[in-house]
Amino acid sequence: MEKPRLSRRRFLLGSGAVLGVAAGPRAARAQARRGHIIAGLSERMLTLDPANHYSISSTSVLRHVYDPLLDVTNDDKFVPALAESWKPVNNTTWRFTLRKGVRFHDGTPFTADSVLFTLKRVRDNTKLIKSFVYQDLEDVRKDDDYTVTVTTKRPFGSLPAHLTMLGMLPPGAAGNEDAFFGKPVGTGPFRFVSWTHGDHVDLEANAKYWKPALPKVEKLTVRFIPELSTRAAALRAAEIHVIDRVWPDMVSTLRATPGIKVLDTPAVEAQRWHFQLAREAGKDPRIRKAVSLAIDRNTIIKELLLGYARPVVSPIPPGLIGHTNLGQKPYDPDKARAILKQAGYQTLTLDFVLMKDLYPKQLEIAQAVAAMLSEVGIKVSIRNLEIATAREQRTAGNYDLFFSGWAHMPHDPDWYFGQWFTRAGAEKLTRFSDPRVEQLIAEGRVPDPKVRQQKYEEIEKILWEEEPEIWPYYSVAIYAISDKLRNFEARRDYYVLLHEVGIA
Amino acid sequence: MRSYLVTRIWQSAVTLVGVSILVFVILRVVPGDPAKMLLPEGAPQSAVDELNRHLGLREPLWVQYGIFLRSVVRGDFGQSFQYRSPALRVVVERVPATIQLALTAMALTVLVGVSIGIVAAVRQGSAYDYAGTVLAVLGQSLPNFWLGIMLMLLFGVTLRWLPTSGFHGWQSLVLPSVTLAAFPTALVARLTRSSLLEILGQEYIRTGRAKGLGEPRVVLRHALKNATIPLLTVLGLQIGTLLGGAVITESIFAWPGMGKLVVDAIFFRDFPVVQTILILSATIFVVINLFVDLLYTVIDPRIRYG
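One line per chain: the protein sequences are A and B, in this order. Under the numbering used here, the residues of the first sequence are numbered 1 to 504, in order. Under the numbering used here, the residues of the second sequence are numbered 1001 to 1306, in order.
Check before you lean on any hint, since a few could be wrong.
Partial chain A-side listing against chain B, Cβ under 8 Å, derived [what the hints assert, rightly or not]:
hint	residue
1	Arg-223
2	Pro-226
3	Leu-228
4	Lys-428
For the record, the hints were derived by calculation from the structure and aren't laboratory data. The structure presented is a predicted model; accordingly, all values stated were derived computationally and were not measured. Where is the CB? At the ideal position from N, CA and C, for every residue including glycine.
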């Protein structure tokens, strides 16, 4: 009988197994982590400072480098990240208990000092883009190394939501921020490697990430490809694995390409075309009503957006706190005509202002709306203006109806209400003013979710009745991915998050 | 020559100051508020005012210009509003991509354009001439964006020979530079053909042939050299245009060049970046024009200045 020979391959396999056992779970984890994901995002990243932007692309990239105190899931639940727990002590005080044993990429431990530095920095440095949101912070106090108490000048129920968008920084960044943001360190699942401005960012796995077995891949590259057709071509050529912001009319081409999957999900965004409430047309509730009745929302959704939008049943999209189903707005051109006749309007012209190329199919939709309104005797003049000019026109009040959308970004409607339905917020926008609504918004700022739900429902009922805005549809977020990706989640906040995603 | 040079340099300096004033004023006169573009749509007016104060936009225009001019002399073009870092750095980071694309497109233009022009002129009326004319007409009439997307779909998506977009390695340079070169190549081909034809009919060419010079020497040495003057003017202008950025080509191929940067900066009212790019472009334009004017004297010794 021939003596069994130990082949080279067997020997290597055997010794690998021995080494694997000896090295313990970390090595096993590293073995499971493999591959390189390349994402193509629609918007170029502008900064590596998590407090200095409100860009979705930058949020997507930076979420991989920095961890916030809280995360928000795709079904709008706030879950622990660097804070293990949080609770309101009273209406103006929040207490956060921090996760222990977390380290920044440079080895410094994450403690209450990081939270103090990050929150005080964003509040006090008013040059930072996110600073205005945190002006209500009164004090940020360290109770011990892992407990922080935040007091606010007025109730700030949406604070946890806002904190999902603020990555925690090491206090060592103080005083040399330029150098720090040249090569930043966070506690996130990936380490920053390099950024070729305008082109791509390279990240590598943080092998010591505090969440076990994450991230799933060794390397992550995010390329910035603003043109949708180029983004789609790169995906079809298998150069990248995922793209965001797919438009409805691109879906069939992508679906027809072997190896590509298209995913969609209702977004946290509601389209809302607001009236200038101090001008003749917007001031008269009868005209607002007639305009609303004359718009066939279902046709817009079906024909122009090819089904990639959802009918609106209240200003706040489903899933968010405050959402309530108030039923769809009816399409009834006869009734619209009757209302206008009764109100004595023979000829009426509406100035409909658009921010050029901002929303999918917006010009076609505006033209369809113009045709629908002409059916009831309202002439629409569409002004498709460059974004800065359109906003300037809005500030000056030179519009009747303004085409816009609102992504309820920290998955909370407080910002939307506070900005658009308070006198101070809406002063240079829609000129909305209603003391009842303003009172309810103030009352809805408390931390208690039950109170917030109740107040927001009341606000929505008033708005639904008065229609200071037309809510034509809830947007749908569409992504296309390579079928090699595992566990990719189409996010309703348009983020592209890849630390739990693997690649075959 | 020396006094000519001094005058031209002086004129160039005045031109550049004029450009800086014009750019500065126009940017601030057009509607649009930079702070509003930086902040999210729902930022309160107080935040807008505060940010504008930080950006130095609440000062009177002449004070802003004074500060700007003083800084520029020190090489400081201000902080980019969008990128929150020095505008000059933001622009300079895009220079390698811009120069690579411009020079490759220029090289293609000269090589292909002049070659087609020569062949078409020397073989006037032949199939080569007609083919050259067809190519030239196509090159000048096909829109950039269409050509770019077609090349991308064919060579990137279907054949997978070249990357569809991005800025990594020479392969990614091929499609954008061919797209960008299409128009100037056609222009140069037509111009070479027509000016060469004109010169090939001249007496001294006939003399050259009569004294027994070979055809290549007649065409390349005697005719082409004289046909180069109008070509140089066009090429000089084209280099300026290409270096200033090729917005459409850059957009299609996600090329991180200056063209797209400036357009985005204009849309976002990022004044420092727009100012930096326009002033640098104007400087390049002025310098290249000066250089081309001086080059004439080298190419054609009959031209003398001063």
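(request) Using Cβ atoms only, decide whether Lys-428/A comes closer than 8 Å to chain B, and label the hint accordingly. (result) With Cβ-Cβ at 6 Å, under 8 Å, it holds.
(message) Please check whether Arg-223/A passes as an interface residue: C-beta within 8 Å of a C-beta belonging to chain B.
(response) OK, holds: Arg-223/A within 8 Å of chain B, min 6 Å.
(request) Would you check whether Leu-228/A satisfies its interface hint, that is, whether its CB is within less than 8 Å of any CB in chain B? (result) violated (11 Å)
(message) Please check whether Pro-226/A passes as an interface residue: C-beta within 8 Å of a C-beta belonging to chain B.
(response) holds (7 Å)
In this structure, the one hint that does not hold is number 3.
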